[in-house]
Amino acid sequence: MRVESKTHWLPKRGNKLSEYEDAFYPREAPRGREGCWRFAVSDGASEAMLSGPWAEILVKAFCRSRVPVTKTSARGIIGRAAMAYEAWLKEYLRRREREGRPVQWYEEPGLEAGAFATLLGLSLVSGASGDGRRWEAVCLGDSCLFQVRKNRLITSFAMKRSSDFSGRPVLLSTNPGKNRVALAKLKVTSGTCLPGDVFYLMTDAVAAWFLREHERGGTPWVTLEASDFQDLVGRLRQEGLMRNDDVTVTSIRVV
Amino acid sequence: MPYIAEISRGNPSCFLFLIDQSGSMRDPFGADPTRRKADGVADAINRLLQNLAIKCAKAEGVRDYYYVGVLGYGHRSGPAFGGALAGRELVPISEVAANPARVDERVRKVEDGTGGLVDQKVKFPIWFDPVANGGTPMCQALTRAHSIVQGFIAEHPDCFPPIVINLTDGEATDGNPTGPAQALQSLASTDGNVLLFNLHLSSQKAAPIEFPDSEENLPDSYAKLLFGISSKLPEYMRGIAEEEGFKTTENTRGFVFNGSLVSVIRFLDIGTRPSNLR
Chain G
1 MRVESKTHWL
11 PKRGNKLSEY
21 EDAFYPREAP
31 RGREGCWRFA
41 VSDGASEAML
51 SGPWAEILVK
61 AFCRSRVPVT
71 KTSARGIIGR
81 AAMAYEAWLK
91 EYLRRREREG
101 RPVQWYEEPG
111 LEAGAFATLL
121 GLSLVSGASG
131 DGRRWEAVCL
141 GDSCLFQVRK
151 NRLITSFAMK
161 RSSDFSGRPV
171 LLSTNPGKNR
181 VALAKLKVTS
191 GTCLPGDVFY
201 LMTDAVAAWF
211 LREHERGGTP
221 WVTLEASDFQ
231 DLVGRLRQEG
241 LMRNDDVTVT
251 SIRVV
Chain Y
1 MPYIAEISRG
11 NPSCFLFLID
21 QSGSMRDPFG
31 ADPTRRKADG
41 VADAINRLLQ
51 NLAIKCAKAE
61 GVRDYYYVGV
71 LGYGHRSGPA
81 FGGALAGREL
91 VPISEVAANP
101 ARVDERVRKV
111 EDGTGGLVDQ
121 KVKFPIWFDP
131 VANGGTPMCQ
141 ALTRAHSIVQ
151 GFIAEHPDCF
161 PPIVINLTDG
171 EATDGNPTGP
181 AQALQSLAST
191 DGNVLLFNLH
201 LSSQKAAPIE
211 FPDSEENLPD
221 SYAKLLFGIS
231 SKLPEYMRGI
241 AEEEGFKTTE
251 NTRGFVFNGS
261 LVSVIRFLDI
271 GTRPSNLR
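Here the protein sequences line up with chains G and Y, keeping their order.
Residue numbers are given in the numbering used here: position 255 of the first sequence equals residue 255, and the series is strictly consecutive.
Residue numbers are given in the numbering used here: position 249 of the second sequence equals residue 249, and the series is strictly consecutive.
A few of these clues could be false.
Unchecked claim - Okay, the calculated bits of chain G under chain Y, using three or more residues with CB under 8 Å as the criterion:
| id | region |
| --- | --- |
| 1 | 74-83 |
| 2 | 96-106 |
| 3 | 138-149 |
Unchecked claim - Calculated from the model, a selection of chain Y residues having no Cβ within reach of chain G, i.e. all distances over 10 Å:
| id | residue |
| --- | --- |
| 4 | Gly78 |
| 5 | Pro208 |
| 6 | Arg238 |
| 7 | Glu250 |
No lab work stands behind these hints: they were computed from the structure.
Virtual Cβ for every residue (Gly too), placed ideally from N, Cα, C.
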């Protein structure tokens, strides 16, 4: 068994590519036939400062872990990510000083408040019996995992309906002291996948559209596969069918 | 449905504050005899500008989601920013952030972690100093606001509608403000009409009347006049007001009568909270 993966992403309409605050990992499709493959997406909260780098640290921390996905292991990953962010922030502040751009008064409250992001991670585990392969996933916030088999949506995690999107998702903070409530809402799930299955990891704007289309009886995965991503997102935003947000879709086909 | 336009650097919105600087602003608030109204309002506006800059700050700098102006009206009327921004009518928020007239240090109480409080020095940028002198030429201020906002909408026809907030403690001394106020409210972008909110500050101890939805319980004809020239709250703002514990209906207006400093700060927070920053 092997997997083929690709990721499409776009910043908000009107923003530069460098202002994209979602994150995904790995950046390139994994090679090799066997092993434990991990994928993650994260949505950095635009209202906070430095959420993009925090999202980046979270997806890497998940994908570089090798322990089975459980609530306990996920908490450990998030804790280590927060420590990695602390180190990153120190270096960032030093760099700002070196470049003659010290932190200004209007940045201080945002830096003090910390960065916030969602996390969705998928692990395809080796060694399952028969034709199938076990998968495990962890989710905190409103990024979504979908599994499509034979043109049918068979898994929708953690959001089930388009109406579940509140616009105020649970978010992970870079400050571990603020994560008690969020961590209580951490969700893990698992299942089996077969050759031909496709997984999609999505951030909220595109996931909400995906679920809405499915509720209308549509097959949004077909639309996604058949369209130029940039054209599709541009059109959906124009027609008011997708919120103008950073969008990320990682698709993983089990071969 | 109006008042849903995205606020972005490509499609910014605008806040314009009209500040009564008449002589009576020297009097204290009824609910706080130690605080002159002019000082309280200056602090509230400076804090609001500070918060707005903080909300628009990203790692690469302050994003120009808003253009902001402060017009004073009293003995002298006109743009009221101090320092490098003196004389400017509308200023992008990044320039506001970069150019306070000065940065004061103030002391605030913070928890010390062991149940006590300690003093902590905080930076307090100042753009606008209190003034209290002369009459209340409100009609003149509303007319000038009309011309400023009209210019902004001409440049940003699809913007989230500009919000004009008038803070006053007395009756206009240059005529009936209803005409100029209605002219201002009749301006519109493709996303809705300009919003005009009125905050009346009181030297009396009477309880503030906040976000009324009819003029029935207003005490006098002056209060009714200000109610009449205050815009209804758009739906998203009703949501914010409800979250803050105010009951609202579709007729609720952006109006405070007999306002205390607390009610003024609360109103400014609700009236300027971003709806849809991108």
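Status of the hints after comparison with the structure:
no.	hint	result
1	74-83	violated (count 0)
2	96-106	holds (count 3)
3	138-149	violated (count 0)
4	Gly78	holds (26 Å)
5	Pro208	holds (28 Å)
6	Arg238	holds (16 Å)
7	Glu250	holds (22 Å)
When the structure is compared with the earlier hints, violations turn up for hints 1, 3 and for no others.
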